[in-house]
Amino acid sequence: ILERLPPEHLPRTVFLPAGSTPEAARKALEAAGLGFPLIAKPNVGERGLLVEKISSPEALQRYFRRRTPDLLLQEFVDYPMELAVLHYRLPGCETGVLSSLCIKEPLRVRGDGRRCVEELMADEPRALLQLERFRREKPALLRRIPAEGEEVLLEPIGNHCRGTAFLDGSRLIDAELKAVFDRLSARLEGIHYGRYDLKCRSIEDLRQGRHFKILEYNGIGAEPAHIYDPRIPLLEKYRIVYRHWRAIFEIYRSQRARGVEPLSLGAGLRALRSYFAYLNSLNA
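Per this note's numbering, residue 1 is the first one in the sequence shown, and the count goes up by one each step.
It should be emphasised that the hints constitute simulated quantities derived from the structure, not laboratory data.
Take every hint as true, because none was put in to throw you off.
Okay, derived cross-link-like pairs now, DSSO-like style, lysine-lysine, Cα gap no bigger than 30 Å in a straight line:
1) Lys53 / Lys41
2) Lys41 / Lys27
3) Lys138 / Lys213
4) Lys213 / Lys53
Here are the computed distance ranges between Cβ atoms for each label pair:
5) Arg201 / Gln61: 31 to 41 Å
6) Thr95 / Asp229: 19 to 29 Å
7) Gln208 / Ala59: 30 to 40 Å
Beta carbons are placed, not taken as given, at the ideal position from N, Cα and C, and that holds for glycine.
Start from the sequences and build out the full structure, keeping to the hints where you can.
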């Protein structure tokens, strides 16, 4: 899917088949001109599973000590703003609906010049939930004492299960922004619903269609991520989800009318079982 999108809006990426060695990774990175830091992640996955920022050859070696599926090694995109943008359109329509814009606020703490990162995290409800993981994975960071006013980025992976806050950015949606995603989605022939996870330099740059990189494209299973904003009342979250389910049904109905046959129930269940077995193997 990503190959259909403009290459200037994609991070440089290397694909490694399952069972590849660190030496194969090193050669592939060299050939692609990719250096550190970079992002390592499964070619198929969800919710940040096995996604890591790799900052050195030694860290890459450690990553390969676990069972590795088909992998992507991806250029680390250092733009400051991370968004999840859901866009859908009915079959046959040139324009669509930009129905969700989520601002991802990464997990961070602000130093006071006295306390270490562990103490600062213990004082932040969202960071506190990640503290046990950090004790296992980043003990040196926890001992650091940031200067007064210094912001420390704790988690570069923008996933809510890793402490990232998902905030409603609907106020930022306008005709200019919608036109950008109409143009992108027009390149995805046969695909009518999906969420772009991306980083950009600023919302103004994104409106102009410049200085942004698409990290992932998530299909029919993608939720409107702004529903995780804690300020949105629960009943409204259900209404938002229902509206998106309704849109998916309308796309389905339109496709059936155009002669597109859906997957059979049996084939769908087999695919689902296969996918969950794959996820379990990643967690093993």
